[in-house]
Amino acid sequence: MNMNKWLPIVFSSLFLLNACGGGSEKGGGVDKKNESTVTSAHRLLTQATFGATEAEIDRVVSMGEKAWIDEQFTKHSAYVSDSDGHKTHLERTIEIAELVEPSVTWSKDGIFGTGGGPIWHLRANQASAWLENALGHPTNTMHGSDQLRQRVAYALSQLMVVSMKDPRLYLRGESVAYYNDILAKNAFGSFRDLLGEVTRSATMGVYLTYQGNQKANPEKSTRPDENFAREVIQLFTVGLYELNIDGSANRDGNPNTYPDAGIHQVPTYTQEDVVELAKVMTGWDVKSNKYHFGYTSMGTGEYAAPMEFFPEYHEDEAAEGGDGYVTVLGNTFALNSGADGSGLDAALDVLFNHPNVAPFVSKHLITNLVTSNPSSAYVARVAKVFNDDGKGHRGYMKAVVRAVLTDPEARDRSQQGEGFGKVKEPFLVFTQLLRAFDVKPLEGWTGPAEPIRGDGSKSTVHGIYSYDSPGVHFGQGPLRSKSVFNHYMPDFVPNERYFSDNNLVAPEAQIQTDGNIINVHNTLANYLTEFERNKITKVRNKTMAEFSKRFQLYSSHGMVINYDRELAVFEEALDGDTDGDFKNMSNALDKINAVDALIAHLDKKMLGNTMSDEVREALRYYLVNSSNFSSSKKFDAALHLISDAVRFIATSSAYMVQQ
Amino acid sequence: MKNNNVKRRDFMKLLAGGGTAAALSSVGQLAVMSKASAADPGLPGYKALVCVFFLGGNDGFNMLIPSDASHADYAAIRAALAVKKNDLGLSSISSAMHNGTMGSGAANLYDVNKTQAKAYTKGFYDLSSKGMNIGVNGVMPEFAQLIHDNKLSVIANCGNMVAPVTRQEIKDGTAKLQLKLPLFLFAHNHQQRELQTGEAHRIGALGWAGKIADAWQGINNNSPIGLNISYSGNNRMLMGEKTSALVLSPGKPISFREMRPNTDSYNQERRALFQELIKIGKRASNFERLEATLLDRSQTNFEALATAWENNTIDYAAKGPYGEDLFSVPTPAQLSFNDKLSGAFIKRMDTVAKMVDMGAKDAFQTGNYQRQIFFVGVGGFDTHANQANSHSKLMRELSLGLWKFQKAMEELGHAEKVTTFSMSDFGRTLSVNAGLGTDHAWGSNHFVMGGAGSKTSGTLNGGKMFGTFPNLTPNGPDDYSDKGRMIPTTSQDQINASICEWFGVEQSLISELFPNLANFEKTQGDTKSAYLKDLFVS
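Quick mapping for you: the protein sequence lines, in order, are chains A and B.
Residues are numbered in this note's numbering as their position in the first sequence, beginning at 1, plus a constant of 4.
Residues are numbered in this note's numbering as their position in the second sequence, beginning at 1, plus a constant of 213.
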């Protein structure tokens, strides 16, 4: 490194840093009056959306947090009308498939894969539709406008887990899209409805292998599959051991008194409960199954639909000489009870009414949205709302979600202890960054060659996000977890003194492994530098069409951000105008001014004005002095400086956590 | 603000003109500081353990099948999933397997019209010549050959246990009353956890390998490449109180983008800022400090790893059984399967082989590199449906991966320094469900592999079956109830204790790692009497 080149700048800026009075003030450009409300608004948007934007922070500040939450509950959803342009996840998945590969016949009468097309592409199309709901869409603005609903659906996808990684769902993008609709549709509805629709869905039926499950068959020496019976109790509703209303172990038989002395946990179910519930979970198959009961193959049934009940395959205990009644968690009911004779609703009612469900589901939502180690009182407050919303409704999700987000522990800094907050999921870090920097679909990426058309031609795709390999880059992906146990365990205690000494969990830290951290870091650094519109068009001097066409359906590069706003903020402070010439870039004083304005702007938008003075100084020092921004092309130098500023905030520990 | 002046100046110095040399020395300090300076335990020689964990619960009773008259009981309960009583004749391909000329397609002894589901039940390799009344599934010829060559032993009907327990005690409730059953038996997550913590009776926090790392702090001369390395995510087994595992992806280690050490000033300036932000993060609030610690670890570890990796290339002379490059995955045509193998297990064992080689040679330049424990998780074992189609692939890849790894260790001269062993959540029901799969059960069969087949002192006693093969009849003496959930008769802790003893873990520590071991003592008060006698040649 050439010392001579550096010395003058170093000394002049050192002088200036000191002249700032020790740097204890916030940087320029921040409205001090609104500081606390910006921080609080940013916190809410981080908890309740896929990422804060500058405009939305300002809106929350002006309308108030409770009003914003109320507004979210009244946002238009895809589930009120078939003809209003607000498409469901499934509709949009199919529409995207048709746009990308127009010559393929994707489905006929609800059955996919009959036309012989590349049915596995639906997986990528489902990912595109998911991204529209998370990121928002520039032209069809209804998609992604219901952020809280979509965010809660994502939290529910980590409770009642299905995964595209399962070999049986790998080719069923339409089924996973349909499943996400169940979660989003019921996100503000009844938990019991949600449980019922999930259980009857072909998606869950296939994933936990009870699609085609049937009664004991002495000739074939088979008996009902126990897979779903166990996991629906253990993972989706009740959990392994009895809970108090605050989520602690119930040892005295009374869920309303806590904490209970002792160390043992009281199991909620036995192997016999599983065997009994497995009998209930028989007789279900996909609709329109062409061949025999339980047959699975492409083009032979409806996987984006509820399953159908076939009584002749339902357990009646005839083979074992039983009475046709089962006992699950102490409740006895007939295997053929209920309007459909399946016994299913009786079984789900037993699970739904178990006292564990309120703390189990409430704690899941709190830890997913707000904080990893909620106080006992916070969990209890939300769980009580689950048990009764004040109007006698149990499991009314709108009330539960409202209780999670409006709780003093979620909203009031003075109620949040030093352990408040959580590690962000890597994939949510990505969506937050994309939203903060005005993400748009990459225009003009290349669709696959369509075998059906046969002429090798490929479509040019507009208005559609593409990102199909989150697992490789982030170690996780929505609706793509490694197993039914989700991406990470709720009880993960990281190896760090504060956490291990106090037995505090940081579940998301489980996937922050040495290897995954480097993958995430490099993916973010790459995206924030190379997939920015000004970099492509003005530095690389390519048209967007030229840049985009090399990316294809399975490419993980189907989004583009822009630093238009950052360039304007920077130049305004640098030159006093925004004409794009960045004429004062080599004037040290003007540059420092501009760096300060940029950092203040990014602090608000990315960190909700919580950047520490130390971080600000380090960043400022680097941005002012580094030789990385010394290009004689002033625009290029300014853009490079901005993208490095964003990148180093984004990959810092401050951005990787939510507090 | 004022308190931080000194640290800030360091950063400035670095940015301003310290350049590459300063950046590098800062890394060195970081590594030393984060590890403190515990004394190296000074163990003799180099040894490694490789834990192959079948995630989801492996069906060990279709991996090893009864080959005597009791096959009839097995076939009755296993119905459509029963492996036929049909010795496929391993000896006819033994030398070809070793020479890499085993022949593909229909030349596979298990071939049934290139259909893996049918191959799965075609037959087995009878081990009666080794004094065992069992056979190895036909899709696992290499596994059978490893037993024949005395490089692998099997353990019958073992699992997660608190204490020996009988069907009668389970039926009459005394097992529950006397707390003789593992907590949350049959639940994946807790059975994995109890096996990994060595504490079937409670939900423990720390893994037994993590506790060894705690006791051996300073191991490998305080290298950032410490005792425990996972190639399958953050796992309980490797989690210590004072130590944590290196968690990696298989294959070549990558670098932090545009921040490689020892490169140009552009990289060095970014690197200096990144590390300064980490230092600041480590002084911040709890979650932020955690995150900064994780970033720091990742960067330090990857830089230590990348340098060693790039300086060590291995070209194996040995070939796989089909003549493929040693760690290549054979094609479906070679295997006479209809589907591809996932290859994830083989890829991990390839990386572990290289890491063992680097460890044994001290490629990390620590001056005293002694011990490694690798965790290799393999997914897909929760075979609730269509098991013949999926378990066949898992067993085929297991057999190939173990064979390839053993060949690599022999070629590199490390075979006697490495012990590879299996664990899994639980076994699976002998009875079959409506989806032609199996459900969660308890006891299963496992293996231990290592040594060079020479039976020299201090190496694996290969070619044996330890433990007792159970009576597979439903409602029979070894059934938990009536679905063929075998009650194990050997505890996984007994196996692990024996392996730990070989690894050099002090007996007093072994008793702490596996507190339930005392319940398995043949002579009360004698911990060693609970070990698997003669698992290693004395």
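Careful, some of the hints might be misleading.
Said to hold, decoys possible - Quick list of simulated restraints, FRET-style, between CB atoms:
id: 1; chain 1: B; residue 1: Leu392; chain 2: A; residue 2: Pro263; range: 46 to 52 Å
id: 2; chain 1: A; residue 1: Gly303; chain 2: B; residue 2: Ala546; range: 22 to 28 Å
id: 3; chain 1: A; residue 1: Gly394; chain 2: B; residue 2: Glu454; range: 44 to 50 Å
id: 4; chain 1: A; residue 1: Arg544; chain 2: B; residue 2: Gly717; range: 53 to 59 Å
id: 5; chain 1: A; residue 1: Asn506; chain 2: B; residue 2: Ser342; range: 44 to 50 Å
id: 6; chain 1: A; residue 1: Pro412; chain 2: B; residue 2: Asn688; range: 56 to 62 Å
id: 7; chain 1: B; residue 1: Ala546; chain 2: A; residue 2: Gly460; range: 27 to 33 Å
id: 8; chain 1: A; residue 1: Glu324; chain 2: B; residue 2: Ser342; range: 29 to 35 Å
I should point out that these hints are in silico values taken from the structure, not numbers from a laboratory.
Note that CB positions come from ideal geometry on N, CA and C, so glycine has one too.
Verification of the supplied hints:
1. B:Leu392 <-> A:Pro263: 46 to 52 Å: 23 Å, violated
2. A:Gly303 <-> B:Ala546: 22 to 28 Å: Holds, since glycine 303 of chain A and alanine 546 of chain B (Cβ atoms, about 27 Å apart) stay within the stated range.
3. A:Gly394 <-> B:Glu454: 44 to 50 Å: Distance hint for glycine 394 of chain A, glutamate 454 of chain B holds at roughly 45 Å.
4. A:Arg544 <-> B:Gly717: 53 to 59 Å: Since arginine 544 of chain A and glycine 717 of chain B have Cβ atoms about 57 Å apart, the given range 53 to 59 Å holds.
5. A:Asn506 <-> B:Ser342: 44 to 50 Å: Roughly 58 Å apart at Cβ, these two residues miss the hinted range, so it is violated.
6. A:Pro412 <-> B:Asn688: 56 to 62 Å: Since proline 412 of chain A and asparagine 688 of chain B have Cβ atoms about 57 Å apart, the given range 56 to 62 Å holds.
7. B:Ala546 <-> A:Gly460: 27 to 33 Å: 28 Å, holds
8. A:Glu324 <-> B:Ser342: 29 to 35 Å: 42 Å, violated
Consistency with the previously given hints fails for numbers 1, 5 and 8, ordered from lowest to highest.
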